[in-house]
Structures are given as structure tokens and as C-alpha cells.
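Asker: Here's the letter readout for the chains.
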Amino acid sequence: MTGGTDVVIVGGGIIGLAAGYFLSKAGKRVVVIDKGGFADGASGACDDMILFQSKKPGINLELTFESLELYKRLIVDFDDSMQFKNLGGMVLIENEAELAIMEQFVREQRSYGLDVELIDQQDARKKQPFLSDHIIASTYSMMDSQIDPFHVMRAFEKQGSKLGMQIIRRNAVEAIDLLGSGNWKVSCADGSSWEAPTVVNAAGAWAPSIGAMVDLSVPIVPKRGQIVLSERIPPIGETNLWNAKYLVTKLHKDSATALSEEEKALGLSLAFTRSAGGTYLMGSTREYVGYDKSTTIAGIKGIINLTLGYLPRMSEVGIVRAMAGLRPETPDGKMILGEHADRPGFFTAAGHEGDGIALAPITGKLLSDLVCNNRIERRVDELSPNRFGGTAHE
Amino acid sequence: MNCRPIVLEAQHMSDESENRDMLICRCEEVTLGEILDAIDDGFVTVKDVKRATRAGMGLCQGRSCSRTIARIISQRTGRPLEEVLPKSYRYPVRPEKMAAALSKESEDESDR
Ligand SMILES: Cc1cc2nc3c(=O)[nH]c(=O)nc-3n(C[C@H](O)[C@H](O)[C@H](O)COP(=O)(O)OP(=O)(O)OC[C@H]3O[C@@H](n4cnc5c(N)ncnc54)[C@H](O)[C@@H]3O)c2cc1C
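Line by line, the protein sequences give chains A and B.
Here the first sequence is numbered in the numbering used here, starting from 1 and rising by one per residue.
Here the second sequence is numbered in the numbering used here, starting from 1 and rising by one per residue.
Please note: incorrect hints may appear among the correct ones.
Here are some, though not all, of the chain A residues that point toward chain B, as calculated from beta-carbon distances under 8 Å [said to hold, decoys possible]:
{"id": "1", "residue": "Lys-158"}
{"id": "2", "residue": "Leu-163"}
{"id": "3", "residue": "Asn-171"}
{"id": "4", "residue": "Met-213"}
{"id": "5", "residue": "Val-214"}
{"id": "6", "residue": "Asp-215"}
{"id": "7", "residue": "Ile-233"}
{"id": "8", "residue": "Pro-234"}
{"id": "9", "residue": "Asn-305"}
{"id": "10", "residue": "Ile-319"}
{"id": "11", "residue": "Gly-333"}
{"id": "12", "residue": "Lys-334"}
{"id": "13", "residue": "Leu-370"}
The hints are simulated quantities; they were obtained by calculation from the structure and are not laboratory data.
Being a predicted model, the structure only gives us computed values, none of them experimental.
Glycine included, C-beta positions come from ideal geometry on N, C-alpha and C.
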């Protein structure tokens, strides 16, 4: 099929669909192509947090603020709550060493405008009556919010479709070639092809394979995360929960000794969040296992052990399912967003690691502005695909 | 458990106007109408419909309604059942207590 297409988006996860929506809204004729079904990638196997507290001051924290504002606007524009909730979050602290590091971290975040505070054991237990006794303190922020990824994706798809966006599923992109006309030709497994001046690589953890089709190296690696789902139960506390232990080991490398062998091997850290369906999502792992999306008994047990360490009473609650997704990780923890040098019209929007749900709207909006050459209010060059040097893929 | 299998005959499903309110997934309270709308929006496998509507995401994890949903999709789209049904199921196959799950011994039950 030739003509009539302005942008081909490769990958229909939350990022591809957000980009498709914003580009359609800007008047572009968009086709989104995905090799799988609806939400088959990381966007269908993840938590639903718009999380501030895990972020160091810097562009990721700023973008999360901007993205939350966009979500609030979309909720009004779409007349759809997308299950947005604002339960707040707590990061649980287990000892004095963690407390000292978290005190410093919270100070930095506050100076950046994040509404976060430290609370003592007693206040922590008021918000979370089932916490283990060994928790000595906690952070608390009312800003941590959540939104259901499935709802968000369906809403972007529905609103985009109204504006003419096409979505093709179960059809893998296999080749991308630059034509003499300056257009890109995107060829799919079923023999169909699309031509357009602009291609967006929004293939998440698979973005390197799409980059390779045009001889680009896109430095993203898949980092597996497993999650266990509980049965539906009444709320057991006010907020969602994380543990400081993992965060602290990221802030101070030498504190890694605090992790158990199991936690180290699986890259375990606590995320305990109440889902749109009234179940609890318990996670998660951080594993480098290539493109293997399976769940493992070791992973499930590790997550259960971890959760019970903080919330012993959960032992009597049933689990109904486990799932795993591949986070697209970049070397510097920042997404890749922009046009590639020497590949006019070829853009990447991928590499959101553990923040793609939170950052989908702002990514879609910024990408659309970049493609349309609109003036952008903020600096985005630190996200450019060209920041890693050498472009050739050998 | 609050999920009982629902037997749906072909003629019930084609006569939508009367049956749009019929519950197909009892755990998550998803109606036939919501499922038909999702199919018409292009969600054409049991997994797609599940993610788009939450049908089959509840306590029974679709053990009661998956086949019914598969038949509805197949009928409405003409796609064969094999293309519509999920290919595999993952551990845990049935709900179990967190404490009990810790005594699992091998990886055998975890499929891909
Ligand atoms: C356990 C876990 C918990 C998480 N929790 C959170 C959270 O609480 N908050 C948050 O903000 N983020 C969270 N994330 C991160 C979030 O899931 C990701 O950042 C986000 O889903 C990435 O979206 P994406 O669209 O880039 O990738 P994906 O959703 O993976 O989409 C990429 C798509 O590209 C398609 N594709 C690949 N190759 C091809 C090809 N050749 N042709 C066509 N299509 C192709 C794939 O089929 C896939 O659908 C979590 C992730 C995990 C794993």
C-alpha cells in the first residue's frame, strides 16, 4: 500500500499507541504495526504506577510531573478515568543505615518539588496496619498515582482510530528500506508493505532489532520482571508500598551487602500495589535472560518470600496468576527519543525501562512535536538517540 | 467459588439486543455487550478480549468463560477457534495460598 500514510509506527505497546494518538491528533495519517496481539509486550505485563518516589532528581522526575499533568488532561478529553487512582506511596525502611540514606534522598526530592516526607513507625502502621514489626520508618508521598495500562492503551487506540489511525496486529515488521523518493518502505511478514516519510521505532525491548533493519545500533537490553497477582481482597492498607533496600543499593553501591542471595540473584525489590480489579500486584524481579518471557518457580517464590517479609499476614491470601514482561533498559536509564543522525525521518521512542506507563503521554506528545517540527518548551537533547556516539550497526 | 460455567447456545449470541446484559465473565462482571463491542473494536482473540475488558482476569482466571468467549469471537469474526484460544496456561493453574506456593519444588509446572 503506497501513498496516504505519513507515519508508520513499529510496535503497538503503550508507547506506540500514545505516539500514534498524538500524531493523529496533529493531523498525521498514522499506521501502527505490531507483531503480537493487544498488549503482548511489557505494557501488558507490568504494574500500573505513575511513580515519583523512585526517581532521582533530573529529567525522569521532571517528565513524570509533565506526564501526570497530561494524563489528567486526557482523562477529561477522553471522558474516561482509565482507572486513575491516587493512593500515594510508601517506601519502607528497615534499619538506621537505610534511614540515613533515605533522609538525604527525600531532601533532594523535596528540593525538586516532590511532595514527600519521612514518617515514623507509628504513623507507618497507621497507614499500613499489617506491616511487619521490623519496619522502623517509611517515606510517604501523596503524589504516587496509578492508571490501568490496558485502559490507557484501549483509550489511545479508540481515540486515535476516530482520527483515522490504523492498527495492524499479528504482523511482524521484517524489513525497512530507504527508497529513492526519500520515503521509507516498511515490509511485513504477510507480504504487505507501507511507505511513508517517517518511521517510528516504538518496539520497546525489541527496538534494537528494528534499528538493525536500517543499520542502526539502538542500545536497549531486555530486563525481565516477574509479577505475582493475588486474588481480589479488600484493601489492607491506605497506600501502595515499595522497599528502601533496593533503592538504597542503587544510590550507594557498597550497601549491596544488605541483599540476600535470593534478592541478588533475582534482582528482587518490593512493589506492592492495588490493581484496578481489587487484586494486589506483587513484584518484582530484574533479570537479564534475553527475550525469555516465562515466569519461573524461583521468581514466584522469591516474590512471595519478599512480600511476606514485609506483610506476614498475606500468607493466607491466594495467588491467582504470575506474569513476566521485558523492560526496555538503556545504558543511562533515560529513554531514547528523537530522530537518528543520517537517517532522515527515522525516529526511536523506546527504552522506558520501568517507567513506560508513567511516561507514555509525555513521550507521545514530545515525539509528535519532534516529527511535526513544533517548538518544544523543554530540552530533549539528553534523550536523543545520537547521544551514544557511533551510529553504525556492525 | 462464584464462577459457574455458562452454557451459551449460538442463537443466544446472535440475538444481541436482548442479551447484551448477560454476564459472560462472572468473576469480573463483564457482559456480552462489552465483549461484542471489544470484538468490533478489533480485539479478536481470547487474550485480546481479556486485556481489553478484564473478562477472564478474575479468580477463576477464565477457566469458566474462556471457551464461551472463544466461541463468541469465532462466530462474530469467522476466525477458527484454534486461532482465537490462548496457546498456553502458566503456573499457578489454580489459585493457592501464598504460604502453600512456597513449598513448590520444581519448575515442572511452569510453562511458557
Ligand atoms: C514487572 C514490571 C513492572 C513494571 N511496572 C511499571 C510501573 O509500575 N509503572 C511504569 O510506568 N512502568 C512499569 N513497567 C515498565 C513498562 O511496562 C514499560 O516501560 C512499557 O510497557 C514499555 O512500553 P513499550 O510500548 O515501549 O514496549 P512494549 O509494551 O513491550 O511494546 C513493544 C511492542 O513492539 C512489538 N514488536 C516487537 N518487534 C516487532 C516487530 N518486528 N514488528 C512489529 N512489532 C514488533 C511487540 O510485539 C510489542 O507489542 C514495568 C515493567 C515490568 C516488566
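Asker: Hint by hint, say whether it matches the structure.
Answerer: The hints, checked one at a time:
no.	hint	result
1	Lys-158	holds, 7 Å
2	Leu-163	violated, 15 Å
3	Asn-171	violated, 13 Å
4	Met-213	violated, 26 Å
5	Val-214	violated, 29 Å
6	Asp-215	violated, 32 Å
7	Ile-233	violated, 11 Å
8	Pro-234	violated, 14 Å
9	Asn-305	holds, 7 Å
10	Ile-319	holds, 6 Å
11	Gly-333	violated, 28 Å
12	Lys-334	violated, 29 Å
13	Leu-370	violated, 28 Å
This entry does not satisfy hints 2, 3, 4, 5, 6, 7, 8, 11, 12 and 13, going by the numbered hints stated previously.
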